[in-house]
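Assemble the whole structure, with the sequences as input and the hints as a guide.
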Amino acid sequence: MRHEIRFSGFGGQGIILAAVILGRAAVMYDNKYAVQTQVYGPEARGGASMSAVIIDDEPILYPKVATPDIYVIMSQEGFEKYGIAATGEAQMLVDSTLVHSRPSCHYIEIPATREARESLGRDIVANIIMLGALVAATGIVSRSAIEKAILDSVPKGTEGLNVKAMTRGFELAEEAISR
Amino acid sequence: MSEEDWLRQDRLPHIFCAGCGNGTVINCTLSAVEQIGWKRQETVFVSGIGCSSRAPGYISTDSLHTTHGRALAFATGIKLANPQLNIVVFTGDGDLAAIGGNHFIHACRRNIDLTVVCLNNMIYGMTGGQGSPTTPMGGLSTTTPYGSGEPAFDLCGLATAAGANYVARWTSYHVRELTRAILTGLENPGFSFIESLVQCPTNYGRRNRFKQVADQIEYFKSHTILVEKAARMREKGEMIPPEMILAGEFVRRNRPALGVRP
Amino acid sequence: MTRTEFMQGNTACAEGALAAGCRFFGGYPITPSTEIAEHMALRLPKMGGVFIQMEDEIASIAAVIGASWTGAMAMTATSGPGFSLMMENIGYAVMTETPCVIVNVQRGGPSTGQPTLSAQGDMLQCRFGSHGDYSVIALSPASVQEMFDLTVEAFNLAERFRSPVFLMADEIIGHMRERVIIPDHVPSNQRKPYEPGSLPFRAGEDLVPGFPAFGKGYGVHVTGLTHDERGYPCATSPKLHEDLVKRLVGKVEGARGSITSCDILNPDAEVVFVSYGAPSRTVQQVLHDHPDDNIGHLRLKMVWPFAEMVLARFTNAEAFIVPEQNLGQIAREIERHTDKDVVTVPKLGGDLHTPGELYAIVENLK
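Residue numbers (the working numbering), protein chains in the order written: chain V, 2 to 180; chain E, 17 to 278; chain B, 718 to 1083.
Heads up, a few of these hints could be off.
To be verified - Sample of chain V residues with no beta-carbon within 12 Å of chain B, all distances over it, derived:
#, residue
1, H4
2, F11
3, R25
4, A91
5, T98
6, I109
7, G140
8, S143
9, P156
10, K165
Said to hold, decoys possible - Cross-link-like lysine-lysine pairs, in silico, DSS-like; alpha carbons within 25 Å at most:
#, chain 1, residue 1, chain 2, residue 2
11, V, K65, B, K1018
12, B, K763, V, K157
13, E, K227, E, K237
No wet-lab data here; the hints were simulated from the structure.
None of these values were measured; they are calculated from a predicted model.
Positions of the beta carbon are idealized from the N, C-alpha and C atoms, including for glycine.
Structure follows, in structure tokens:
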């Protein structure tokens, strides 16, 4: 089953890294196929950055995301540019700290940036909270796969913080769904 | 071995005009290579395009005759891929300072372990005498028929500023000094730049009041002023006439260098 | 041990080069190829190789050619503007028969164009961009796996034919990440050694002379001027020039039937897609989504030399549909070799053809 996941936020949030980690989890630890692509702009910091991942049990032929079925949106500008068109069957995870709008599709609110700042003391792990929430909400990859892929990808010395962020993401999604 | 043993006898006679200064500088270079004791199989001559760049074709080592202006970039690849090789680059003023100017300053900056001998005839000789970046102000050429209106490049000043470890200038008159300078360049690790002014009777001399070959060589002799003397004159506040050729060693130093044999 | 990775196309290209034995990289940063240089900068010094960032692309290809003459397997990587700058020295590599690999991760042009978006607009430039008559080998990967595999192949062909070989990738394949399997060992060709005492530019039946590397005492003279079999300049003999150029072209063109590399699907189809690089992925999707339509697909992994004989494998073909991220560069080559309809499907701007767009063309032809 082909799933298309689109991530958007502002440059510096780790939008691209989140997508790469998701693709890596699928390929390396869940034995699936994945293609990760991104918009290459000058948005190293600020602006609206976007990255996409396709995950499938079969080899992926057409590598571009046409109509995502899952969105992970982490900034208002990212929502307006890359999330606003989400409709119908799609589902969206929004970072409710930074995104004020809500889509017409099904969505859940994850206060990732607030949680990163207040509970974990580092804004920078908001993307990992969103990844954890994504996995808990959709089961797009297994929890063990995303954990291993996170550990492969984050700087040495930050593993504990990132696993905490991921776990917090699992919890926030579970809370949001049960509400 | 003597200098002659470094020549490809089966390629002679050469293409240089009668009275050309290139042969003198090639001889000085081979003499220096002979004196330092490099072996043929460990030595590579590299060049770009122009009269000067034909020199490697007459030398019996491995030799790479490359594209216009790019000899230093090719030589950089050879030296880095095999630092055991000794590399001498023959180039000219147009090849080095016009089309190859960017490679020149970066080779100096990297201070890559090459010895570069620039045969500066102040003209594009092979293509019939067009103005070059070292054609003096007022100099006549086919593309400066009313006299060059541009200041000439000071190649040694450029090499010094850009970071070369060894920089010297002589002329085709100064055979012994030039040979010694090239030898010092070969010995010195890092980028060594030796400029030699050479007469081009066919395309420079006859347009610029040097009726005989000897006239331009005589001019080199009478218009040379040693770097040390020029420094003393400056200290005393004396003017150095702009047409004078500063000769001698401009710099000998030990900046970090690239590609030096381990 | 063979390992599976989730890797970017450009990284896979660099890994392929290293696996093939590349030990020299000279380059200049340019989007969207820079990750290749960055990965080589990281990896080469630890493998006893050399990475150097040159002052421009002219110098990059020059350094690569210089390094190759010491016997090293050498490469550079660039995109359109840098590729344009390399053209003169690419001709030099052809003329001097210097093995080297040149990667072009294509972006939108002309000029600075679209640095971050995909194109295939340099396919004819790679074939004809340097002056004079010559022939080249160019491969075009359609997956991250092929960024690895075809880079290995590019080195093998460069060594075997003593010729520059191009990996003509595109931004989509260069920048995407997907599964790639990195084998333990890769097949490797070494350049044919020179027989001491023989004429350094005299070739045998395969038209490829042995390689007299620098530093072995062969005293070889290498020049971009027209040269005789000794390597000596001889730029005024019409016959010598004609013989040399014909040999240089002949060693590549004569082998095109045997070295060509392509995938052929549904050879009995009446409607046949011909593709290379990223658009191949859309074509594959169309065939996958419409298995009952019997659509043919010729996927070129080697674009140059163009092996026109593979077109004849589609015995019932009525039309060849050629989607390209340009205005029809390879379509023109196909037109030269077939009397069937050739339908160009140009796409500019960086987007990939969608499966819907391509299937609509099949339906129109029915």
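Going through the hints against the structure:
At the 12 Å boundary, the C-beta of V/H4 stays outside the reach of chain B, the nearest C-beta of that chain being 15 Å off. The Cβ of V/F11 lies farther than 12 Å from every Cβ of chain B, with a closest approach of about 18 Å, so its non-interface assignment holds. Interface exclusion of V/R25 from chain B breaks down, the closest Cβ pair being 4 Å apart, not more than 12 Å. The non-interface label for V/A91 is consistent with chain B: the shortest C-beta to C-beta separation is roughly 19 Å, beyond 12 Å.
Look at V/T98: its CB is around 28 Å from the nearest CB on chain B, clear of 12 Å, so calling it non-interface holds up. Remark: the non-interface label on V/I109 is consistent with the geometry, its nearest Cβ contact in chain B lying 27 Å away (cut-off 12 Å). With a cut of 12 Å on Cβ distances, V/G140 stays outside the contact zone with chain B, its closest approach being about 19 Å. Listed as a non-interface residue, V/S143 keeps its Cβ farther than 12 Å from every Cβ of chain B; the least gap is roughly 15 Å.
Against the 12 Å criterion, V/P156 stays outside the reach of chain B, whose nearest CB is about 16 Å from its own CB. Every CB of chain B is more than 12 Å from the CB of V/K165 (nearest about 24 Å), matching its label as outside the interface. Taking the CA atoms of V/K65 and B/K1018, the gap is about 21 Å. The hint holds against a cut of 25 Å. A hinted pair counts as satisfied when its Cα atoms are at most 25 Å apart, and B/K763 with V/K157 qualifies at roughly 21 Å.
A threshold of 25 Å between alpha carbons decides the hint, and for E/K227 with E/K237 the separation of about 16 Å falls inside it, so the pair holds.
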